[in-house]
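Engineer: Please model the complete structure; the sequences and the hints are all you need to start from.
Counted the way the working numbering counts, the sequence shown spans residues 1 to 281.
None of these hints come from the bench; they were simulated from the model. Each hint should be verified, as a subset may be incorrect.
Unchecked claim - When the alpha-carbon atoms are kept at most 25 Å apart in a straight line, the in silico DMTMM-like pairs for lysine to aspartate or glutamate are as follows:
#1 Lys185 / Asp200
#2 Lys185 / Asp130
#3 Lys93 / Glu127
#4 Lys93 / Glu21
#5 Lys185 / Asp228
#6 Lys185 / Glu96
#7 Lys35 / Glu21
#8 Lys145 / Glu127
#9 Lys145 / Asp220
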Amino acid sequence: LGFRLFVPTTSAQAILSGIVELAVTVLTPCLIIMKAFRTRFFRAVQAWLPTLLPSLATALLIFLVLIPFICETLVVRANPMAPTLLGEHWRGKCRECGHPSFCSPEDARYRRPETSGMICENFHVNEGADVSQRILGPDRILVAKFFRPERWNLVVFRHPNDSSTLDVKRLVGLPGETIHIEGGKVWANGRQLEPPEHLDGIEYLSESSGWFDGTWGSPDRPAVLGADEYFVLGDFSLRSNDSRTWEEGAVGHNPFAVPQSHMRGVVTHIYWPPQRWRILR
1 LGFRLFVPTT
11 SAQAILSGIV
21 ELAVTVLTPC
31 LIIMKAFRTR
41 FFRAVQAWLP
51 TLLPSLATAL
61 LIFLVLIPFI
71 CETLVVRANP
81 MAPTLLGEHW
91 RGKCRECGHP
101 SFCSPEDARY
111 RRPETSGMIC
121 ENFHVNEGAD
131 VSQRILGPDR
141 ILVAKFFRPE
151 RWNLVVFRHP
161 NDSSTLDVKR
171 LVGLPGETIH
181 IEGGKVWANG
191 RQLEPPEHLD
201 GIEYLSESSG
211 WFDGTWGSPD
221 RPAVLGADEY
231 FVLGDFSLRS
241 NDSRTWEEGA
251 VGHNPFAVPQ
261 SHMRGVVTHI
271 YWPPQRWRIL
281 R
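Structural biologist: Here it is in structure tokens:
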């Protein structure tokens with residue numbers, strides 16, 4: 001890992017910075033070899049080049065095998081999956097149970113915090129108390145590519161409306177099912193689903209002020225999934241843009257659906273920061 005001698009502010013400075021870093025990376029080991037073995041620069045370069053082979057092999061293994069087929073690491077960028085996964089956030093105390101509660105930091109563009117809708121570790125949503133305005137860092141997660149997605153897993157996928165964007169949500173609806181939300185619970189084919197024990201207390205909204213008319217998955221507008229489609233929700237239902245609220249989907253698919261072809265993997269661990277370490281599958 002290298003470091004930047006300065007932070008470039010223009011494209012010319014960025015190019016110059018790259019040239020300087022490359023020169024330092026190449027020259028430093030070659031000069032050391034020249035000094036240690038009292039040889040010419042060209043011979044030092046010849047001696048240095050073979051040392052790159054292990055690094056090159058490792059890089060190829062990572063980019064050609066590990067990331068596409070085995071696993072990858074990602075940084076959580078927002079809080080629709082709070083309290084399970086956290087992006088940059090503020091921390092407070094739940095007025096209902098006293099446990100830690102979380103929200104996104106104040107939006108500098110509008111100078112408006114979202115403390116009126118914080119969510120705690122027990123999934124209570126209320127106005128947090130004793131909110132610290134110190135911004136805490138995001139979770140870093142491990143995503144496994146070899147697991148078959150199952151209901152209640154956290155899944156990473158390419159967004160149906162923008163395949164260049166990765167998203168993470170909880171998988172609740174499986175191919176061929178008819179999904180709706182009623183009484184804070186998810187129903188599949190007319191049967192209420194029971195979430196796992198660690199999700200006790202979670203409630204999903206089928207409608208909310210500010211959403212577009214006719215959200216998907218409401219009792220009046222159930223989501224009928226195709227043979228290769230999934231329905232996903234955020235744990236922080238009040239703040240989540242998910243299958244309920246999408247107005248446009250992938251080509252050839254329902255607006256509310258994540259196609260199988262867009263699935264990237266299953267979240268198995270939070271590995272950083274240490275105090276947030278979790279096994280999720």
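Engineer: Going straight from one Cα to the other, do Lys185 and Asp130 come out at no more than 25 Å?
Structural biologist: violated (30 Å)
Engineer: Given the hint that Lys185 pairs with Asp200, does the C-alpha gap stay at or below 25 Å?
Structural biologist: The given pair, whose Cα atoms are some 11 Å apart, holds under the 25 Å limit.
Engineer: Would you mind confirming whether the straight-line C-alpha gap from Lys93 to Glu21 stays at or under 25 Å?
Structural biologist: Given pair Lys93, Glu21 is violated - Cα atoms ~46 Å apart, limit 25 Å.
Engineer: For the pair supplied as a hint, Lys145 and Asp220, confirm whether the alpha-carbon distance does not exceed 25 Å.
Structural biologist: Not satisfied, since the Cα-Cα distance of roughly 36 Å exceeds 25 Å.
Engineer: For a C-alpha distance cap of 25 Å, please report whether Lys185 and Glu96 respect it.
Structural biologist: holds (21 Å)
Engineer: Take the C-alpha atoms of Lys35 and Glu21, compute the straight-line distance between them, and say whether it is at most 25 Å.
Structural biologist: Holds: Lys35 and Glu21 sit about 21 Å apart, inside 25 Å.
Engineer: Assess, step by step, whether the Cα of Lys93 is no farther than 25 Å from the Cα of Glu127, and give holds or violated.
Structural biologist: With Cα atoms ~9 Å apart, Lys93 and Glu127 stay inside 25 Å; holds.
Engineer: Compare the distance between the alpha carbons of Lys145 and Glu127 with 25 Å, and conclude whether the hinted pair is satisfied.
Structural biologist: Violated. Lys145 to Glu127 sits at ~38 Å, over the 25 Å cutoff.
Engineer: Against the 25 Å threshold, does the CA-CA distance of Lys185 and Asp228 hold or violate the hint?
Structural biologist: At roughly 23 Å apart (the allowed maximum being 25 Å), Asp228 and Lys185 satisfy the hint.
Violated hints for the displayed structure, listed by number in ascending order: 2, 4, 8 and 9.
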